[in-house]
Every structure is written in C-alpha cells, then in structure tokens.
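The whole structure should be built from the sequences, with the hints applied where relevant.
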Amino acid sequence: MTTKTFFKTPANRIFFVIILLLLLAPLFLSVFRINLLGKFIAYAILALGIDLIWGYTGILSLGHGVFFGLGAYAMGMYLKMEAAHGRLPDFMSWSGLEKLPALWAPFSSPLSLALIIIIPAILAAIIGFLTFKNRIRGVYFSILSQALSLIFVILFIGQQAYTGGTNGLTGFRTMFGLPLAADNTKYLLYYAAIFFLVIVYLYCRFLVSHRLGKILMAIRDGENRVRFSGYNPAAYKIFVYVSSAVIAGIAGAIFVPQVGIISPAEMGIVPSIEMVIWVAIGGRGTLIGAVIGAILVNGLKSGISESFPEVWSYFLGLAFIIVVIFMPEGLIGLVKKYSTRIAWRVKKEKTAEKSPSIN
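Numbered per the numbering used here, the sequence shown spans residues 9 to 367.
It is possible that part of the hints are untrue.
[What the hints assert, rightly or not] Derived lysine-lysine pairs resembling DSS-like cross-links, with alpha carbons at most 25 Å apart:
1. K345 x K16
2. K344 x K16
3. K222 x K16
Honestly, the hints are just simulated from the structure, not real lab data.
Written out as structure tokens, the structure is:
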C-alpha cells in the first residue's frame, strides 16, 4: 500500500490525524496524563484485534482478556526477573518457595519477550482448531470464550506462589535497565505504544483491504455460502483468531510497564465484555472505530470515575444501550450516515441550481 493509496481512504486520514494528535499530546499534558493516555493506546491496540475478529469475521469473543493477560503476564514476569537481579521474586519468598520455578527460568533473558506473541498464538491456535473445525460458532463460541476467561482467572488466583495470586505481579523497577519511575522512560513507553498502534493498524488494514478481507466478511455474512464456494472457513477463522490473540498479547505487554501491575482481574469476564463495548461504541468493522471507541470510552471512564466514582459503571452500560438501540453501527456509522445525507443535499442543491427554471 503506497502513501498515496493509504490517504485515499477517509478512515486512514482520520487515523493519521489521531496519531498526529497523540504525538503532540506531550506538549500539552502532564506526565501523569501521558502515562494514562499510553494505557488507552494499549487498549486501542487490543480493540483493533477484537474488531478484526468480530467486526470483520463475525466471531464474538467474550474472553479476549485471557490473551491480553497472557501477554501482560509474560512482560510482567520478565520485568519481575529484571527487578530481582538473580534472586527469587519477593512474592515467591513470601509464599514459601526456595527455588525459582522452571516456568519462570526463561524470563531471565530479553529473548523471553518473544513469548508475548508465542503463548497467545499457541493457545488461540488450539482453541480455534478445536472449535472452528467442529463448526462451533455464534453464541456457543461466545459462551465458550467466557468459560475460558473464568478458567484462567481461577487458575492464576489459585497458583499464588507462581503468579502472585489475586495481587498479581507488581513492584517493577526497570525495563532494559531504564528506571520505570523516570519521566523520560514514561515518554519512551508512550511513543513506543504509538509506534505499535501504527504497526498493528497497518497490519489489520492490509488484511481487510485485500482478498483475505473479502473472504472474512463473506464468512461473517454467510459462512455456509463461503463453504459451498469451495473455501474452508475454519482455516480462515483460525488464522484471524490467532492474529487477534497475538494483537491482544502485544497490547497486554505494552499495558504492564505503563500501569505497573497486572492481576488476574484483567483477564476476567467483565473486562472482556468492556473490550467488546469499546468496539461497538466506536463502530465495528471499521478499524478506526475500534481505535476511537477504546480511547474515547476509557478517557470518559477515567474522567467520570475521578469526579463521580460511584456512577461511572452505569454510564458505561447506558452508553452501550444507547449505541445498540440508536447507533447500531457505532459513532463511525453515525458520522457516515450524516455525511452521506449532507453530501446528497449538497448534490441536490447544485443540480437544482444548474437545471433551468420553468416560468
């Protein structure tokens, strides 16, 4: 995709403006707000993965918090090992362990960061193969994904000596030798988050703009027709599910050093449903809607929770209800609808001006 071709699409032009605004944000916001915005960018990356699988392929996953959490835990384990300086991580000592578990041994090296991609990809490939090959779809897959989320939350809470239990992993001090508490490091993490947002968006845009994207949308609109046309929907669904899981893992890895903690709560059913709400509010099947929805909803959530901590959850639920009833295509769909009407009216007025008047 050339630069000229990229900017022909209105959504891509909007994305460019968003990235420009994000790059300029440090000139106007405090370090605290930049750190918070960096977290929202991580959520935007996650939302892109969900839009890819739900908006374009029609697979509603209500357990994507698992892949987000696995990527986050992989990053957290590396940061914890870096902070330990060869010693046993503090929570393991409190739990009575005297030797580093074999599960943690690979995370002593920066090369272990490859597990951020590998672990979610393997899990998604296994689940995708078992479900899509057996033609499990629709609400049944959604329920299955919720069960997966519940299983992993219980597992990570129960294995306190290995995962930190309910408290999760925290106490990170450095990343690649840079102090995480330093302002310069926070700015670097912020710009790194923007970089990965651009990379993931371009990857998703590449997929949906080519033949593969047409097949994915065909599966969403009529899977049986795709199968009768000679394609294997299961193979495409496994591929897009794995891609979405990897994107979620990357988002989790970006999230951890900026927030400073990862716990099983981030892998739960409620956060997974919230992720879907971001995409629905922004506009599913658009990519740019996922980015806008994630940043906007979390920004409003942060602002409202600071002023009215008791009612922000009601606001989120109300916003979702309003979107489902009055804006089924999300904010981007609403903009498209009114821009089309305006364009039609302008065209009608120009036609009326050009046509000769009849006395």
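Problem - Structure-inconsistent hints, enumerated in ascending order - result: Of the numbered hints, all hold.
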